[in-house]
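Engineer: Sequence:
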Amino acid sequence: MTNAETYLHYFGPGYNLVSFDPRGVNNSGPSVDCFYHDETARTTFESLFFGEVTDASSTSLATQFYSAKLFGQWCTEAFSHGNNSGLHISTPAVAQDMLNFAQAEQRLAGKHEDEAEVWYYGMSYGTALGATFASLYPQNVGRVVLDGVIDAQDYYEGGWKANLHDTEAVLPMFPRYCYQAGQQNCSFWGPSEQNITDRINQILSDLQQHPIPVSGLQQNGMPMGLATYSDVKQSLLLGAYFPTSNFPSLADALTAVEAGDGSMVTDITSNELWGPDVNVLIKCVDSYGNNNLTTLDEYREYVNIFTDESKSLGDTWANNAGTALCSSLNLDLPHGGSFPGSSWYSWKILTRSIQGPLPPSSNHTEHPILFASNSLDPVAPIRNAHKMSRAFTDSTVLIQGDGIGHTAISNGGSPCLLNHVRSYLDSGNVPPANTTCQGASVPFRDS
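Note that our numbering numbers the sequence shown so that position 288 is 288, with each residue one more than the last.
These aren't lab readings, by the way, just hints derived from the structure by calculation.
All figures in this text were calculated on a predicted structure; none of them were measured in a lab.
Glycine residues also receive a C-beta, built at the ideal position from the N, C-alpha and C atoms.
Mixed in with the good hints there might be a few duds.
Derived SDA-like pairs: lysine to any residue, alpha-carbon spacing no greater than 25 Å straight-line [stated by the list, open to error]:
hint: 1; residue 1: Lys161; residue 2: Phe79
hint: 2; residue 1: Lys161; residue 2: Thr307
hint: 3; residue 1: Lys161; residue 2: Asp55
hint: 4; residue 1: Lys161; residue 2: Leu61
hint: 5; residue 1: Lys161; residue 2: Thr294
hint: 6; residue 1: Lys69; residue 2: Thr307
hint: 7; residue 1: Lys69; residue 2: His81
hint: 8; residue 1: Lys311; residue 2: Gly322
hint: 9; residue 1: Lys111; residue 2: Gln139
hint: 10; residue 1: Lys311; residue 2: Ser328
hint: 11; residue 1: Lys161; residue 2: Asp297
hint: 12; residue 1: Lys69; residue 2: Ser327
hint: 13; residue 1: Lys69; residue 2: Thr59
hint: 14; residue 1: Lys69; residue 2: Asn292
hint: 15; residue 1: Lys161; residue 2: Thr295
hint: 16; residue 1: Lys161; residue 2: Pro276
hint: 17; residue 1: Lys161; residue 2: Gly126
hint: 18; residue 1: Lys69; residue 2: Asp332
hint: 19; residue 1: Lys161; residue 2: Phe242
hint: 20; residue 1: Lys161; residue 2: Leu296
hint: 21; residue 1: Lys69; residue 2: Asn290
hint: 22; residue 1: Lys311; residue 2: Ser58
hint: 23; residue 1: Lys161; residue 2: Ser57
hint: 24; residue 1: Lys311; residue 2: Leu61
hint: 25; residue 1: Lys69; residue 2: Phe79
If you anchor each label on the Cβ, the simulated ranges turn out as follows [stated by the list, open to error]:
hint: 26; residue 1: Ala62; residue 2: Asn330; range: 17 to 25 Å
hint: 27; residue 1: Ala109; residue 2: Gly289; range: 38 to 46 Å
hint: 28; residue 1: Asn429; residue 2: Ala169; range: 26 to 34 Å
hint: 29; residue 1: Ala41; residue 2: Asn195; range: 40 to 48 Å
hint: 30; residue 1: Gly428; residue 2: Lys111; range: 16 to 24 Å
hint: 31; residue 1: Met222; residue 2: Asn16; range: 36 to 44 Å
hint: 32; residue 1: Asn16; residue 2: Gln183; range: 43 to 51 Å
hint: 33; residue 1: Leu108; residue 2: Gln180; range: 47 to 55 Å
Put together the whole structure using the sequences plus the hints.
Structural biologist: As structure tokens, this is what we get:
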């Protein structure tokens, strides 16, 4: 609830915000630890799998592929000794928890459980959770806004192949807004957008052959290491996620690297790339049985899909999506504990049948769903919002036309967008299809 006051302001008066950690996440049980609190094993695995993007060196792709098996082996071993907590953290299970919360509220108010409605604002992975809820319990959909939309079919298939279609269009926004902001507002400013782009490319070229030593002696006890090509690539992706908040720090980090100080990029990437085991395991459980990356050649072909979508940052996506981490898991999943996408349900988009996670009942939610998207999202392209909207009758897509970054609201949604969201919450009526707003926050100027 760190941003509770901000969201209360966004949504207007008259609403109570309820936030919860899904199963196994942060403060919610069950606790999931694949490495038995063995920090040496965990650190070794992290350095191998997350140490390099796939094209950083001649061995980086193979190192990433084979080290991914370590995660599956350790998790499988952990669950084989009676710790089966990781088997009960699926997205459908959390969707059922949401319904249980709403039904409990109904009972407390002396009302019928079957009248329970869930009102929900989901972002990023939260859109997969929201789509799952609406698919399983369409009669309990109240007001549901899904912002920064994941392709749920691709998610449950374990693909993560539908994320980078607009990444190449987002990345040039950094030099553009840096140049427009001027030297006083962007520390990496140059006399043209091309100058800024060329200097970034030069940094990457130099680091690929000559990483920068970071001693930690002058950086408040930061662990020593090397600032690498991979660190800068991951920093560029992180900057593209949230341009308004992250472009200034990206500019500072690039300025420091250009001057021979790599401490800022190593700090950025070490804090962002890897989280609790449960973050990966939820994805693995949801797509269990759909991961067929058994050989290095298959993994190379898989990574080529990302680099075809995004020449600049596709090499960063394999260890962000983490699909390979699921390949060596051997789990005894309870019946119904996963929602394995294409093997269970078929759903219709327009006139053609597509295999995917959404059952036919999803076409008839009690109230229409509102999908929202920036026009340029680096990891959840607007085409995902349109695809998912076609799966839910009467839903529409609300577009932040000049918005860049992952999710419209997290990047400072415009008054126009927020007014449409408030109107939907108040009335239940979605705006006309493809309503497009202007007036989004501008990086550097509004940072």
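Engineer: Indicate whether the distance between the beta carbons of Gly428 and Lys111 respects the range 16 to 24 Å.
Structural biologist: Given range 16 to 24 Å: holds, Cβ gap about 19 Å.
Engineer: What's the verdict on Lys161 and Leu61, does the C-alpha distance respect the 25 Å limit or exceed it?
Structural biologist: 18 Å, holds
Engineer: Does Lys161 pair with Leu296 here, judged by a C-alpha cut-off of 25 Å?
Structural biologist: Holds, at roughly 18 Å.
Engineer: Between the alpha carbons of Lys161 and Phe79, is the straight-line distance 25 Å or under?
Structural biologist: Violated. Lys161 to Phe79 sits at ~29 Å, over the 25 Å cutoff.
Engineer: Hint check: Lys161 vs Thr295, CA-CA at most 25 Å. Holds or violated?
Structural biologist: 18 Å, holds
Engineer: For a C-alpha distance cap of 25 Å, please report whether Lys311 and Ser328 respect it.
Structural biologist: 29 Å, violated
Engineer: Taking the CB of Leu108 and the CB of Gln180, does the distance hold inside 47 to 55 Å?
Structural biologist: 53 Å, holds
Engineer: Does the alpha-carbon distance linking Lys311 and Leu61 stay inside the 25 Å limit?
Structural biologist: Cα-Cα ~16 Å, so holds.
Engineer: Between Lys69 and His81, does the CA-CA distance stay at or below 25 Å?
Structural biologist: 19 Å, holds
Engineer: Determine whether the Cβ-Cβ distance between Ala62 and Asn330 falls within the hinted range of 17 to 25 Å.
Structural biologist: Given about 23 Å between the Cβ atoms, the range holds.
Engineer: Hint check: Lys69 vs Asn290, CA-CA at most 25 Å. Holds or violated?
Structural biologist: Holds, at roughly 16 Å.
Engineer: Holds or violated: are the alpha carbons of Lys69 and Asn292 at most 25 Å from each other?
Structural biologist: Holds. Lys69 to Asn292 sits at ~13 Å (cutoff 25 Å).
Checked against the numbered hints given earlier, this structure breaks hints 1 and 10; the rest are met.
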